[in-house]
Amino acid sequence: MRILIVVPRYQLNNSPNHQYLFPLGLGYISAVLKKAGHDVDAINLNHAHGSISSLLNERLDSKTYDAVLTGHMGIGYAIVKTIVDCVKEHRTKPKSIVGGFVITPEPALMLESLGADCVCIGEAEQTIVELISCLENGSDLSLVNGIGYMKENGEVVITKEREAISNLDELPFPDFDGFGYETYLENTCSNLLQGYMTFDNPKVYPLIASRDCPYKC
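Residues 1 to 217 in my numbering are what the sequence shown spells out, letter by letter.
You can trust all of the hints, since none of them are fake.
Computed spacing ranges between beta-carbons, pair by pair: (1) N187 with S139: 40 to 46 Å; (2) G50 with E152: 31 to 37 Å; (3) N145 with D169: 18 to 24 Å.
Don't read these hints as lab results, they were simulated from the structure.
Just so you know, these numbers come straight off a predicted model, no measurement behind them.
From the three backbone atoms N, C-alpha and C, an ideal C-beta is built for every residue, glycine too.
Modelling step: build the complete structure from the supplied sequences, incorporating the hints.
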């Protein structure tokens, strides 16, 4: 499957902005999909000039994708909505799939509000591989745990909750190819970490030391 991963903007503007926390979750998603043999590209909207719609339309015009993936926190709803709307309106009609904290606390509400084809709930490394395989083979989406989708009659379906990944060592390291990570490192600064660091060198590499959260922000 040909897949485009979109790193959403963290500010509503049309200019590059490198002061954001790099989304390691999308790096993990890229890594597991490539490991599964899929053709994965990425675009980081934070590093580009132009509107979200113009940037995405240019990329979607250049190559036909089967699915476009993105994700964000709850504060990024408006940006994710813009991405999903652009994907749905494009003539090639790729599937739109959204994950992250913007989805997990209220997946049914967000699925209806965003209008995405599918949403991933909670940890998505295993879920996305199964979901893409299901779409590729035309299989029954209800067999994929940890997703939400909408039937043709408008009924929202939330599948069985997926168990937490028991052995995180089985996952590949995050993939940064195509995300503009070198540009991110060259332009980030200590102020991004809200005073935890008092120097600009060496550059910061993000790590996830734990997973899950007890709250539903």
